[in-house]
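Peer 1: Here is how the chains run, residue by residue.
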Amino acid sequence: MKLDKLGRKNLPWVYLFILPSVVVFLTFYLLPIVTVFVTSLTRWDGYNPPTFQGFRNYSLLLSRSVFLISLRNLLWWSLIAGTLHVGFGVLVAFLFSRRPVGWKAVRTVYMIPNVISGAAWAMIYRFIFNNDFGLLNGMIRVFAPGFNVKWLFQSPYAFWAVTLTWLFYAVIITLIVHADLMSIPAELHEAAHIDGATGLQIAWRIDLPLCRFSIGTSVILSITSRIAMYEAVALTTRGGPGDDTMNIPIILVNAITDMNYGYANAAAVSMFVLGIVTLVLVNWLFRMNRRVY
Amino acid sequence: MKKCTVFILAALMLVGLMPALWATAAEEEAEGPVELVIPHYKAGQNVGGKFFLPQVERFNTMYEGEYHIVIEELPQDGYMAKMKQLAQQGQLPALIEGADNQWFEDVMIANDRVYDLGPWLNSHQEIKSVLIDDALSFNTVDGAVVSLPQAVTRPIGLFYNETMYDPGKRIGEMTFDEFADSLGRNKIAFMTSENAWTTGLFLTGLIVAEPGGAAMLRAGLEDKVYDYTGPIWLRATTRLQGFIRESGSANTLGAAYADAANAFMSKSAAVIANGPWMVNDFTPSSSDKWSGGFNGNQVRGDIYPGNSAIANVMGYRWWIPASTPEPEREAALAFLEFMMQPEELEAYMIAEGGTAPKLQVSQSFLEQQAQDRVLSDLATAVNADTTFTVAVYDAMPQSIANEEFGKLLPKLLDGSFTPAEFLEALSKKAEETRM
Amino acid sequence: MADNAPSVTRTALVRQAGTSKEDVKRTTRRILFGVFMYGVLIFVFVVSALPVVWVIMSAFKDNSAILSSPFSLPNQLNFQAFVQVFTLYNFQTYTLNSLLVASLATLLSLVVYAMGAYVIARFDFPGKSLFYILFTLTLLVPPHTKAQPIFSLILNLRLYDTKTALVVVYLSFGMAMSMFILRAAFMAIPKEFDEAAAIEGASFVRTFWMINLPLAKTGLATAGIMMFLGHWNEYFYAMLLTASAKHRTLPLALAFFTEAFSYDYTQMFAALTVVIIPGIVIYALTQEQVQASVASSGVKG
Chain G
-12 MKLDKLGRKN
-2 LPWVYLFILP
8 SVVVFLTFYL
18 LPIVTVFVTS
28 LTRWDGYNPP
38 TFQGFRNYSL
48 LLSRSVFLIS
58 LRNLLWWSLI
68 AGTLHVGFGV
78 LVAFLFSRRP
88 VGWKAVRTVY
98 MIPNVISGAA
108 WAMIYRFIFN
118 NDFGLLNGMI
128 RVFAPGFNVK
138 WLFQSPYAFW
148 AVTLTWLFYA
158 VIITLIVHAD
168 LMSIPAELHE
178 AAHIDGATGL
188 QIAWRIDLPL
198 CRFSIGTSVI
208 LSITSRIAMY
218 EAVALTTRGG
228 PGDDTMNIPI
238 ILVNAITDMN
248 YGYANAAAVS
258 MFVLGIVTLV
268 LVNWLFRMNR
278 RVY
Chain V
365 MKKCTVFILA
375 ALMLVGLMPA
385 LWATAAEEEA
395 EGPVELVIPH
405 YKAGQNVGGK
415 FFLPQVERFN
425 TMYEGEYHIV
435 IEELPQDGYM
445 AKMKQLAQQG
455 QLPALIEGAD
465 NQWFEDVMIA
475 NDRVYDLGPW
485 LNSHQEIKSV
495 LIDDALSFNT
505 VDGAVVSLPQ
515 AVTRPIGLFY
525 NETMYDPGKR
535 IGEMTFDEFA
545 DSLGRNKIAF
555 MTSENAWTTG
565 LFLTGLIVAE
575 PGGAAMLRAG
585 LEDKVYDYTG
595 PIWLRATTRL
605 QGFIRESGSA
615 NTLGAAYADA
625 ANAFMSKSAA
635 VIANGPWMVN
645 DFTPSSSDKW
655 SGGFNGNQVR
665 GDIYPGNSAI
675 ANVMGYRWWI
685 PASTPEPERE
695 AALAFLEFMM
705 QPEELEAYMI
715 AEGGTAPKLQ
725 VSQSFLEQQA
735 QDRVLSDLAT
745 AVNADTTFTV
755 AVYDAMPQSI
765 ANEEFGKLLP
775 KLLDGSFTPA
785 EFLEALSKKA
795 EETRM
Chain L
532 MADNAPSVTR
542 TALVRQAGTS
552 KEDVKRTTRR
562 ILFGVFMYGV
572 LIFVFVVSAL
582 PVVWVIMSAF
592 KDNSAILSSP
602 FSLPNQLNFQ
612 AFVQVFTLYN
622 FQTYTLNSLL
632 VASLATLLSL
642 VVYAMGAYVI
652 ARFDFPGKSL
662 FYILFTLTLL
672 VPPHTKAQPI
682 FSLILNLRLY
692 DTKTALVVVY
702 LSFGMAMSMF
712 ILRAAFMAIP
722 KEFDEAAAIE
732 GASFVRTFWM
742 INLPLAKTGL
752 ATAGIMMFLG
762 HWNEYFYAML
772 LTASAKHRTL
782 PLALAFFTEA
792 FSYDYTQMFA
802 ALTVVIIPGI
812 VIYALTQEQV
822 QASVASSGVK
832 G
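Protein chains in written order, with our numbering: chain G, -12 to 280; chain V, 365 to 799; chain L, 532 to 832.
Please note that the accuracy of each hint is not assured.
[Unchecked claim] Looking from chain G toward chain L, a few residues come up when the C-beta cut is under 7 Å (computed):
| no. | residue |
| --- | --- |
| 1 | Asn(-3) |
| 2 | Pro7 |
| 3 | Pro19 |
| 4 | Leu82 |
| 5 | Val96 |
[What the hints assert, rightly or not] 25 Å max Cα-Cα, derived SDA-like pairs, lysine to any residue:
| no. | chain 1 | residue 1 | chain 2 | residue 2 |
| --- | --- | --- | --- | --- |
| 6 | V | Lys653 | L | Asn594 |
| 7 | L | Lys552 | G | Leu187 |
| 8 | V | Lys446 | V | Gly412 |
| 9 | L | Lys748 | G | Val9 |
| 10 | L | Lys777 | V | Glu436 |
| 11 | G | Lys(-4) | L | Val736 |
| 12 | V | Lys446 | G | Pro37 |
| 13 | V | Lys446 | G | Arg113 |
| 14 | G | Lys(-4) | L | Asn743 |
| 15 | V | Lys653 | L | Asp593 |
| 16 | V | Lys588 | G | Ser50 |
| 17 | L | Lys777 | V | Glu399 |
| 18 | V | Lys446 | L | Thr624 |
| 19 | V | Lys446 | G | Val240 |
| 20 | V | Lys792 | G | Leu55 |
| 21 | V | Lys492 | V | Ile714 |
| 22 | V | Lys446 | L | Leu627 |
| 23 | L | Lys722 | G | Leu(-2) |
| 24 | L | Lys777 | V | Gly454 |
| 25 | L | Lys748 | L | Leu638 |
| 26 | V | Lys653 | L | Val614 |
| 27 | V | Lys792 | G | Gln40 |
| 28 | G | Lys(-4) | L | Ser734 |
| 29 | V | Lys653 | L | Ser600 |
| 30 | G | Lys(-4) | L | Ala652 |
| 31 | V | Lys446 | V | Thr688 |
| 32 | G | Lys(-4) | L | Met741 |
| 33 | G | Lys(-4) | L | Ala733 |
| 34 | L | Lys748 | G | Tyr2 |
| 35 | G | Lys91 | L | Leu581 |
| 36 | L | Lys556 | G | Phe81 |
| 37 | V | Lys631 | L | Ser600 |
| 38 | V | Lys653 | L | Met588 |
It should be emphasised that the hints constitute simulated quantities derived from the structure, not laboratory data. Using N, Cα and C, we set each Cβ at its ideal position, and we do this for glycine too.
Here chain G stands alone, though its shape is the one from the complex (with noise of 0.2 Å):
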């Protein structure tokens, strides 16, 4: 690399600058990543130094049947992620790209349950989902009086009310595909126009294929949080009933609270390994390394 005058008399300062963000960097991701991979092949309480035991975390994980429920659990959530609720993001993107009167507005209340803190999001869906005197029964029972589901304590629902806390909250999305939208040049509208293109077949031709990078950018965003869903599930129904509704981050507080690290940081290295290929997978099926123009 070359370097230019300016940069190369200032070096020293430059180093320094870099340094704070550095030493974060190394204490608070590099540092605890490491560990993370390493004791996971420990057995480790936090009282005695660990002690190298292979594998052993991986395959009592994956003997266990809340392990497998878990992973089962994330594959529905995140086929309704990557589907329904990227789709429902992006149908919303399309309508806001039309600019309907009042669309400025839906967009800012949209965003509101996003900067809510998760805890308290949580906690108001326990109460909407609450039979005695929540929202949804309430309305339910507008038409179908004598309606009673414990949304949150009896299978099958409490797996689609966990699910019903984040399903149409999909406003990042509507906001990175809108963005993309807007940047299709008007002449490539134009054109589709002028050879007799419908509204539905430009939008599904031009607009969807050309918005492919930050869909796909939405889709690894939205299964990577089903993945670290933690709140939603420790504030509802704690993974239950059973072990209906568990998922991997709270296998990895109870391990935590039971002082067995190496296997909380195998539940750990699962999450990373599941986050990577669902990386790598989205941009294969995206296409995302090529070039969209």
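Following the hints, put chains V and L in place on chain G, whose structure we already have.
Peer 2: Using the frame of chain G, we list chains V and L on its own:
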């Protein structure tokens, strides 16, 4: 314009924070009485706080200028998990009530991290003499007394609302079949979340009603039960499922303790299984929790059908971490001593029931206790044939008792598990805790 | 449909040429599409606003009103539940804690990352791209996975159960997003300013502090707002790293008190309102920046 607002807002915030910063800095330097900050669940709306908080205040008044105890509210659900976390870096408070047995033995006692109360008890014979023998021997590990043994035993039974349900005779004298018949359309306040306490107590009664049930639970106190698929468990759980489905109050599915208590104190349920400390909620000072025409004076107490009650003095109670520095340990010991005075023990029994077999109680205490109908109900409900038992929770590994049992119960209730499947799932979870 | 003028004229042209039957078909389709579009928008509005409105409304109703008629409007403005939440449950301490932790962490982050982003944006030096890539890659690390090492780290630093612990940990959270936003902000500043400053003999620090930082204030504000919201709302590490009430933050206090509040739903809703309102207010004041930054970086908090 907007940006301007933001910066003003931020500036205002910082100015507002300055005093807080100073306050935190100054806090550490304050001199005066030794202050103990004790995180505890017996605070706020918790039923145990009704007696405990005023007791702490009495202590603070008595030792004014010398010791001062501050209770910091923690939720009961999760108290022990937090203590374990605190233990990990020696930040335990000076006093902890109760312990997860396995952890306490394997980690705390095994590593000499618990203060030995033995010498202190020896120099306070008046306290040692009122301790229940079984409790003292349970708490003596390798010659050290690891937690303050109980002087008071409190049989746990059930409560019912006499304006809703008239059993006809003492419930303790009934069988569970007779009890089910007498109940009619009345409801029981069960729980199916958190640790499912009221449900677990009821299950204990059902298990003890089975031949060999009490002995099995008793054996489980030392060697936890990991396999729940035996015939005693199956029969008791099948009956439990029947009771929950037939007589569970409307809000049973997903009910936490507060929901069950709410059901009972709003006349949505006529019966609740719980310990005598709940009488705190039946005194007029708790009337803000009552609704639907409920009144504390409608409550009667009894023990479980099949003449059984839960009473376990073989458990760890108040203990002091060995790491507690000298002045704070003195304060903690002073508090234990304070709680064990005859007057305080009597006040405790009047408020939350129980008997102190080795304590010479005063005449006025006996009169006072007789006046409380619910507590005297409980006192007279037990007879020479009553089986005293440990609760199912004492016989289960910690994570099963605290987490999995309550988490699986909704499936038993809504029918997605048969009793056999339920017990199998529970056994599998228990097996996994053994690694 | 009318997203640009030419298409309108073209539609008009097409309409002239078409038969009336096609015309009817087209109009019906347009009406149907309009119904669908506004239907979706109304749905989005309702699912986003209703839960919040319902919570705030319920905080003013008494217990029996909440239980008997969940949809009714409160019949009076009764702030008693809020008073109780603050007096009985120490919410002023928790609010102050949240403010303190979130502001300090945000300010520190801004200083640290502004310095880092500045040199990455303005200077060439060995390792520059590596640093930038590593810093932005941190976005992909789920925060929960580091729970145990960070827990142990905080224990070893003897910071367990302190507000400092939260400040330090939150400091690390905004790394990827701040680098992204701040680097772009510094890159947008013309280099001539720096050169002019160098000619006048201004020091490195002075050039950064007096010239570049003020010019990057939009970026700083955006990154700061996003981080503040994230810190204000954080629950997981607050739960993991603190124990005593003295250091409890609002979201944690909220989750803690479900037991205490379970006899009094009004108080529960009031507590929820106290926790969610500040975030909404900050957002309302700065929504353009929040939305723009989300659209460009794809992250919140």
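Peer 1: If a hint holds in the structure, say so; if it doesn't, say that too.
Peer 2: Tested hints:
1. Asn(-3): holds, 5 Å
2. Pro7: holds, 4 Å
3. Pro19: Holds. Min distance 4 Å.
4. Leu82: Holds. Min distance 5 Å.
5. Val96: The hint holds - Val96(G) has a Cβ within 7 Å of chain L, the shortest such distance being about 5 Å.
6. Lys653(V) <-> Asn594(L): holds, 11 Å
7. Lys552(L) <-> Leu187(G): holds, 21 Å
8. Lys446(V) <-> Gly412(V): holds, 19 Å
9. Lys748(L) <-> Val9(G): holds, 23 Å
10. Lys777(L) <-> Glu436(V): holds, 9 Å
11. Lys(-4)(G) <-> Val736(L): Holds, because 13 Å separates the two Cα atoms, which is no more than 25 Å.
12. Lys446(V) <-> Pro37(G): holds, 22 Å
13. Lys446(V) <-> Arg113(G): holds, 24 Å
14. Lys(-4)(G) <-> Asn743(L): holds, 18 Å
15. Lys653(V) <-> Asp593(L): holds, 13 Å
16. Lys588(V) <-> Ser50(G): holds, 23 Å
17. Lys777(L) <-> Glu399(V): holds, 15 Å
18. Lys446(V) <-> Thr624(L): holds, 21 Å
19. Lys446(V) <-> Val240(G): holds, 13 Å
20. Lys792(V) <-> Leu55(G): holds, 14 Å
21. Lys492(V) <-> Ile714(V): holds, 22 Å
22. Lys446(V) <-> Leu627(L): OK: Lys446(V) and Leu627(L) at ~23 Å, within 25 Å.
23. Lys722(L) <-> Leu(-2)(G): holds, 17 Å
24. Lys777(L) <-> Gly454(V): holds, 18 Å
25. Lys748(L) <-> Leu638(L): holds, 13 Å
26. Lys653(V) <-> Val614(L): holds, 19 Å
27. Lys792(V) <-> Gln40(G): holds, 24 Å
28. Lys(-4)(G) <-> Ser734(L): At roughly 11 Å apart (the allowed maximum being 25 Å), Ser734(L) and Lys(-4)(G) satisfy the hint.
29. Lys653(V) <-> Ser600(L): holds, 20 Å
30. Lys(-4)(G) <-> Ala652(L): holds, 16 Å
31. Lys446(V) <-> Thr688(V): Between Lys446(V) and Thr688(V) the Cα gap is close to 17 Å, so the pair holds against 25 Å.
32. Lys(-4)(G) <-> Met741(L): With a Cα-Cα distance of about 19 Å, the restraint between Lys(-4)(G) and Met741(L) holds, given a limit of 25 Å.
33. Lys(-4)(G) <-> Ala733(L): holds, 13 Å
34. Lys748(L) <-> Tyr2(G): Between Lys748(L) and Tyr2(G) the Cα gap is close to 23 Å, so the pair holds against 25 Å.
35. Lys91(G) <-> Leu581(L): holds, 18 Å
36. Lys556(L) <-> Phe81(G): holds, 23 Å
37. Lys631(V) <-> Ser600(L): The hint holds at about 20 Å.
38. Lys653(V) <-> Met588(L): holds, 23 Å
When held up to the earlier numbered hints, the structure conflicts with none and fits them all.
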